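Undergrad: Residue strings, one per chain:
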Amino acid sequence: MAEAMGFFTDTTICIGCKACEVACKSWNQLPARDGGAPQLTGLSYDNTAKLDGIHWRHVAFIEQFDQPYDGRWLMMSDVCKHCVQAGCLEVCPTGAIIRTEFDTVVIQSDVCNGCRACIAACPFGVIDVNPVAGTAQKCTLCYDRISEGLEPACSKACPTDSIQFGTVAELRERARGRVRQLHADGQEDAYLYGADPDGPLGGLNAFFLLVDDPHVYGLPREPELPSARLAGSSFFGAVGAAVLAILGVVGLRKRRMDELASEPAVPAEGEP
Amino acid sequence: MGSNMAECHPVAYRWPMRAKMNGATLIHVDPRFTRTSATCDIHAPIRAGSDIAFLGGLINHVLASDRWNREPFFREYVATYTNAATLIGEEFEDTEDLDGVFSGLMEYRDEGVWDYDAFLGEYDDRSWQYAGRSESPDYSVGRPAETIMSGEVDSDGGFEAMLRAGRPPAPMTDPTLEHPRTVFQLVKRHFSRYTPEMVERVTGCPREKFLAVADAILENSGPDRTTAFAYAVAWTQHTNGVQTIGCCALLQLLLGNFGRPGGGIMALRGHAAIQGSTDVPTLYHSIHGYMSAPSVRKPHETLRSYLAEETPASGYWANKPKFLVSYLKSMYGDAATPENDFGWDWHPKILGDHSHMATFSAMADGKVEGMFCVGQNPATSLNATVEREGLRKLKWLVVKDNWLTETATYWYAAPEVESGEVGAEDIETEVFFFPSTQIAEYDGSFTNTQRMLQWHYKAKDPPGDCRTDTWFYHQLAKRLKAMYADSLLPRDQGIRNLTWDFDPDEPISPPGEPSAEKMLREINGYHTGAPDRHLTGFAELAADGSTTCASWIYCGCYPSPHENLTANRSPDPPGVPGAHLGWGWAWPANRRVLYNRASADPSGRPWSERKRWVWWDESEGRWVGYDVPDFALTKAPGAAADPGGIGLDALSGTDPFIMMSDGKGWLYVAKGLADGPLPTHYEPAESPVRNPIYAGQQSSPVFKFWRRGEADNALASVGDPRYPHVITTYRLTEHYLAGAMSRWLPWLSELQPELFIELGTELAAEKGIDSLDMVRISTPRGSIRARALVTDRIGAMMIDGRRIHHVGMPWHWGWMGLVRGDVVNTLTALVGDPNVSIHEGKAFVCEVEKA
Chain A
1 MAEAMGFFTD TTICIGCKAC EVACKSWNQL PARDGGAPQL TGLSYDNTAK LDGIHWRHVA
61 FIEQFDQPYD GRWLMMSDVC KHCVQAGCLE VCPTGAIIRT EFDTVVIQSD VCNGCRACIA
121 ACPFGVIDVN PVAGTAQKCT LCYDRISEGL EPACSKACPT DSIQFGTVAE LRERARGRVR
181 QLHADGQEDA YLYGADPDGP LGGLNAFFLL VDDPHVYGLP REPELPSARL AGSSFFGAVG
241 AAVLAILGVV GLRKRRMDEL ASEPAVPAEG EP
Chain B
1 MGSNMAECHP VAYRWPMRAK MNGATLIHVD PRFTRTSATC DIHAPIRAGS DIAFLGGLIN
61 HVLASDRWNR EPFFREYVAT YTNAATLIGE EFEDTEDLDG VFSGLMEYRD EGVWDYDAFL
121 GEYDDRSWQY AGRSESPDYS VGRPAETIMS GEVDSDGGFE AMLRAGRPPA PMTDPTLEHP
181 RTVFQLVKRH FSRYTPEMVE RVTGCPREKF LAVADAILEN SGPDRTTAFA YAVAWTQHTN
241 GVQTIGCCAL LQLLLGNFGR PGGGIMALRG HAAIQGSTDV PTLYHSIHGY MSAPSVRKPH
301 ETLRSYLAEE TPASGYWANK PKFLVSYLKS MYGDAATPEN DFGWDWHPKI LGDHSHMATF
361 SAMADGKVEG MFCVGQNPAT SLNATVEREG LRKLKWLVVK DNWLTETATY WYAAPEVESG
421 EVGAEDIETE VFFFPSTQIA EYDGSFTNTQ RMLQWHYKAK DPPGDCRTDT WFYHQLAKRL
481 KAMYADSLLP RDQGIRNLTW DFDPDEPISP PGEPSAEKML REINGYHTGA PDRHLTGFAE
541 LAADGSTTCA SWIYCGCYPS PHENLTANRS PDPPGVPGAH LGWGWAWPAN RRVLYNRASA
601 DPSGRPWSER KRWVWWDESE GRWVGYDVPD FALTKAPGAA ADPGGIGLDA LSGTDPFIMM
661 SDGKGWLYVA KGLADGPLPT HYEPAESPVR NPIYAGQQSS PVFKFWRRGE ADNALASVGD
721 PRYPHVITTY RLTEHYLAGA MSRWLPWLSE LQPELFIELG TELAAEKGID SLDMVRISTP
781 RGSIRARALV TDRIGAMMID GRRIHHVGMP WHWGWMGLVR GDVVNTLTAL VGDPNVSIHE
841 GKAFVCEVEK A
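Protein sequence lines correspond, in order, to chains A and B. Counted the way our numbering counts, the first sequence spans residues 1 to 272. Counted the way our numbering counts, the second sequence spans residues 1 to 851.
Since the hints were derived computationally from the structure, they do not count as laboratory data. Treat the hints with care, as some may be off.
[As the list claims (entries may be wrong)] With beta-carbon atoms standing in for the labels, derived distance ranges:
1) A:LEU43 x B:VAL836: 33 to 43 Å
2) B:SER65 x A:GLU188: 24 to 34 Å
3) A:GLY186 x B:PRO571: 26 to 36 Å
4) B:GLY582 x A:ASP161: 22 to 32 Å
5) A:PRO131 x B:ARG479: 45 to 55 Å
6) A:GLN108 x B:ASP465: 50 to 60 Å
7) B:SER277 x A:LEU43: 29 to 39 Å
[Stated by the list, open to error] Here are the computed lysine-lysine pairs in the BS3-like style, where the Cα-Cα straight-line distance is at most 27 Å:
8) B:LYS395 x B:LYS349
9) B:LYS298 x B:LYS349
10) B:LYS20 x A:LYS156
11) B:LYS367 x B:LYS481
12) B:LYS395 x B:LYS458
13) B:LYS349 x B:LYS460
14) B:LYS209 x B:LYS188
15) A:LYS156 x B:LYS298
16) A:LYS156 x B:LYS458
All values reported here derive from a predicted model rather than from experimental measurement. C-beta: ideal position from N, C-alpha, C; glycine also.
Take these sequences, add in the hints, and give me the full structure.
TA: The structure is reproduced here in structure tokens:
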């Protein structure tokens, strides 16, 4: 396997130009929402609103002002995190979602049956169905480009290098240096999100430099795999089955009683 | 200041971001908190149209500061390299003496030649001149034509003798800068009103923010550090835009920030090749290489009288005869001879102001028959109602664009046609539409904002009938030349004798396209009669017709048929100081920092190791450095000026500003500006407040106002309660200008799908407006609808003791394309800068109501 490849997105030098969104759509030939004429969202300068099947990069705009002209405007280009432990890959029933030789997570559109299990399984809300393909889609980290030694379209187009592409090991090193620099300059709220291999999901191959709580950017504080709740859900599953069985027995008994009383049959509440 | 660089020049903004990571302090002074402000260390909000008050405050603060007065660098730079020491004549009276105007103000002298100059007033600049020169104002630009003797002809066309005779006396100076008539003392006095309190009163910028900016700029100027300013159209699009830029130049000269790496004023030009379009101009008032367009209003009857009027005897412009004759040889080839003044009489001459607004005003009066509209969308342009009134009166209109723009469809889809106010059947204009190529479909060059030419290559054939703009004009020229080939009328001799040799030697696809290399050769120049012997630089140009060169400033970019330097792509290695001279080619002479002799001290040594750029090498006897020296290469720092000499001989070894007639950076501009030798704060043509700086003068006394009556182009009076808010217009990253290159493209249009107005939370609450509500915006010219975007990135400011709301609108929309919206330029007025006729789209007043 080649070295793990990923993105380091430094939000402190993002200028919100959305070149990443456009370059991604151009390279991957993704359609625009509503034929390119959706309604204004009113969410600052963000009119694509979220990552989904036709938006594989999304720039969030967060206005934080106490009073006019006094505050900050955060911008962050969001993308699939290419988790080391990927929920989507874990739940995919057809094997359409694979881990590539670059340690990235890719959905093979021709194998996907559109069951949507991955959509629910992603802790970041990255995946959705592309209405043109009818299959679940997301960032491939430009598998076709990096296989040929090219940089992904978004990082190539990023004018300020807010999005950087490289080996995860080298990007982490660079990102830690950048955090040290920001701290030295007095920006002490700067930290890395997803750069820790011992952290949640075994680390994110696409990680971020943020300056506020993850929730501010629409990211979970503690992302989890769907299987992390497996023990709990099994318990509920077993209890539920027992309850249903009891209700069933009660129901049958009631029906027999009703028949005996020669009254119209009414299905009991909770009957399977 | 005056730029929203992150949003409007996002690719170039890579470098400020790189500088930020290297520890630079970034400052944004702007009425809005934009994507640029978001990345800057300081955002200082100011009211739109108050930039000179802010810059004037900086000048006053700098001159009074401890640092400026203690650090010897500043005084040495200013006293030696600028005209600070020059004495101004006693006749000059400042705005301080005349309550807001300069001496020489008078009624506009309408000569009845052209009705669209639109000046409110006019200055006679004779009293502004250097001491001892006011009697003969033309000294600074040569000698009146009638004093030139016939027979003053030598091997250089006789022009040298003409200039020598017209050489003005050396300016009187006081190097101590103490004399009250020195430029330095006049500047100091002129800006003494611009205190931090006054800055706050006029601009609305809180005092502490202004002082933070002032201190950062002072700390980051000096021998070891430089400060750079970047501006764009938010400085130009005012009735005093040129003065705003001049005010910044004045500040940067005082801080020693010119001619040095990391200094200067960056004019962020428009996309791709706007710089090129003024170098090889599409401007009406300029011919190639920034020479004035011949005018019937000036003594331009003959080549000689033009040159006498337009050529300063000292400084590098003294070579203008060589530039102009080489240009005329390019225009008229063999037909241009010394006997016929190189075809001077065939050259078109202007009547007056033929700029955009003047032309459309004339068009609306039915005085323009036809128009070629290539890459422009005037149907949504300034005071759009008047512009479309003009379009309707044309007999014919050619639109060449990528899409059917609003200008191509105004006759059936404009609001006034949709509403039935104007009937499509009543419009008699014949409209032709030519589909255009895109950039990857042809060879050519871009000239970017750094004056750098970069060649680009065709990647594929254009689809269908799409053709380049050069194809269009090439084919048009060939057809016109064929039509006039046999004409004997004097007026047709220009087109008959025009040389037009751009057919490719080898066929190009699609057929009929001209050769881009041949056009570049024409611009670069060659030895007359031997087109394969290219010129290697403008020093080779001659005034006797032996050289042919369309644009002297580009001379040397294509020094041989096999060497197109604009195609060079060799950057300097990382970590090595240099100017990347092997990447593209920058005019003039591949210099990257202009006036870079100023990067060394008067004795020729770098001001500091950190800011080393170009310096004098004593052993080699010449200027050396990382860049191409912008100075006479072997003129020693100690060389004295030749009092009788012309051109560069008239300048000394410590005169870095070689294009200026005295070799100095001009703090005070005695000649060349229509609205005063020093910048002064004036209110925009429409303002909610009286001018707090000069009660006696509200706005520029000489700005341009195309009066078209109440219905067409009315202005709100000062403080008009019907229009209480200040409005500014701007662009978004997601769209391009009038939208012709973005509103048809789904990937861009979905990013900003609807027209909106940004307004503050306070105003929104006052008016009961929520985000996404439809609101109506009105000015005396018209009213439009847009969605509200309520934000704290814009808001109310305290201006002269009053709370004034500021709102802003992007102006990219129209009635065509995937995403459509009202035309914001319905709101703007036909008012403009007196020097360059640009409109005031950045500051006016409006009302905002829930629709």
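Undergrad: Of all the hints given earlier, name the ones this structure violates by number, lowest first.
TA: Hint check: 6, 12, 13 and 15 fail, others pass.
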